[in-house]
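Visitor: Mind docking chain B on chain A? Use the hints.
Number of protein chains: 2
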Amino acid sequence: MRALLDAGSSERIVYLGDTARVPYGTRSAETVIRYARGCARLLTERGVKALVVACNTVSAVALDMLQAELDIPVIGVVEPGAQAAVEAAVAAAQNRPPEEANDPLPRIGVLGTQGTIASGAYPRAVGRLSTRFEVIGRPAPLLVPLVEEGWLDGEVPRLAVRRYVEPLLREGAGVIVLGCTHYPLLKPVVEQVAEEIAGRPVPVVDSARATAKVVTEMLAQGRIPSRTGGGGETHADRLELLVTDLPGGFQKVAELFLGEHTPAACQVDLVSG
Amino acid sequence: MRALLDAGSSERIVYLGDTARVPYGTRSAETVIRYARGCARLLTERGVKALVVACNTVSAVALDMLQAELDIPVIGVVEPGAQAAVEAAVAAAQNRPPEEANDPLPRIGVLGTQGTIASGAYPRAVGRLSTRFEVIGRPAPLLVPLVEEGWLDGEVPRLAVRRYVEPLLREGAGVIVLGCTHYPLLKPVVEQVAEEIAGRPVPVVDSARATAKVVTEMLAQGRIPSRTGGGGETHADRLELLVTDLPGGFQKVAELFLGEHTPAACQVDLVSG
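Protein chains in written order, with the numbering used here: chain A, 1 to 273; chain B, 1 to 273.
By construction, these hints were calculated from the structure, which means they are not laboratory data. C-beta atoms are modelled at their ideal positions from N, C-alpha and C, and glycine is treated no differently. Among the hints, a few may not be true.
Stated by the list, open to error - Ranges between beta-carbon positions, derived for each pair:
{"id": "1", "chain 1": "A", "residue 1": "Ala29", "chain 2": "B", "residue 2": "Arg12", "range": "53 to 63 Å"}
{"id": "2", "chain 1": "A", "residue 1": "Leu256", "chain 2": "B", "residue 2": "Gly47", "range": "40 to 50 Å"}
{"id": "3", "chain 1": "A", "residue 1": "Pro188", "chain 2": "B", "residue 2": "Gly154", "range": "17 to 27 Å"}
{"id": "4", "chain 1": "B", "residue 1": "Pro104", "chain 2": "A", "residue 2": "Arg37", "range": "54 to 64 Å"}
As the list claims (entries may be wrong) - To give an idea of the interface, some chain B residues facing chain A are shown, with a C-beta separation under 10 Å as derived from the structure:
{"id": "5", "residue": "Thr19"}
{"id": "6", "residue": "Arg21"}
{"id": "7", "residue": "Val22"}
{"id": "8", "residue": "Pro23"}
{"id": "9", "residue": "Arg27"}
{"id": "10", "residue": "Thr31"}
{"id": "11", "residue": "Glu148"}
{"id": "12", "residue": "Trp151"}
{"id": "13", "residue": "Ala160"}
{"id": "14", "residue": "Asp245"}
{"id": "15", "residue": "Gly248"}
Said to hold, decoys possible - Here are a few chain A residues that sit away from chain B, every Cβ distance over 12 Å (derived from the structure):
{"id": "16", "residue": "Met1"}
{"id": "17", "residue": "Thr26"}
{"id": "18", "residue": "Ala93"}
{"id": "19", "residue": "Arg163"}
{"id": "20", "residue": "Ala236"}
The shape of chain A in the complex, shown without the other chains:
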């Protein structure tokens, strides 16, 4: 939602956070698919004209199902993230010093939840774009709790990130994908640790901006019908925040991302819906 606003969208946006059942990243594909179906039903019942699956785990395991079952455009975050990663890998290969020109091409390293890595969604998405870059994935289960705890700098995040990033770099990763929507808050730590280990800056890509760009293009091309008007509205006028647990803790985080005029989040019931 933040990335869509940054991209200049004036669309009305309904945001649904399944706070009573997160995190999804440790659950089986079967359960994630069941949860995703319930979330999608609630949003389509509200008449949305397009669905952005702003979660890597759901994008990785349930996107095909959602695209098959829904008659509106469904955009995931894995393909835009893979696109950004391939672009970064091409640039990294081109910028190599002459003495490394015959080395193997950089690999694309992906940090994600257990569900995202186990699904193989990133290797598949990269493979559809280019056969030149090998993808190596690594589940990083401690990073979501670190972000939720607000523990974004200091020794513990550095050591945890090092434990996940070091094997990727040792296996030849020249680009690191933050394959979970929580991880961008740890991007400075990932960049710093990766540079320390590699001895040079390592490009670190996340999918939020790339996904917002895809949505903006689809609106411009008419593949999603564009809204007219909407200038001068505040966030509270055109954003709707829905959560499945009590809104208390969520509201504070939402205000960090959305600033003033953040609408009040409302609790909805998915289970009996």
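Guide: Then chain B, alone, in the frame of chain A:
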């Protein structure tokens, strides 16, 4: 379940792990109560004669509701844990060197989930047993993910534990309660870190053994009808393992705790149940 078996129980035990919705510790009391009600219904429909709430968060926020709504004995883990903590605090007070005899009494420090600490269940339970010992609580949200990641020694668990334990000791804790069923796997780290900070061993108590003792006593006293026979059965004969997500990952952990003859876990559906 492990503690009940260690206590010599020959009862048949049905274990339900809500693996599709854990962790509960970060959710609102309202949501935990709703989930606990569903779990209890599934177990009572299977005809259990007593219910052990082997989760601190559910014990802290939903025990009164479960005891009011069910017509079988319901045993939580908070009261036995509080009992063990008071006993340890009494012993710690008695064993003080003479020159500290007039110092304030040791406080009881509790590490728990956000839900458990916010509920105030430990201060209430300790207050019912003794008014001499003040309870100070501290949410330790990173410890469950550390245990689930199997990250039980080394620098990261030590630093995380230090961050949670140091303020408790600084505020006068002379006993530390592991107020979450995940934490006992980190008990050696907690003991080591606490001793380093305090300059002397600090008693660390957990509630599993204390709870199993309460259940064993209730069986011996006939407050829970005791089963006759059952000798020579394997675990597979008398234990039943139910989970709400696919059993794969759970099964490995169960075998670590229960050893050979661990029954195969079965998936059950709470949502539509």
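Visitor: Identify every previously stated hint that the structure contradicts and give their numbers, smallest first.
Guide: 1, 17 and 19
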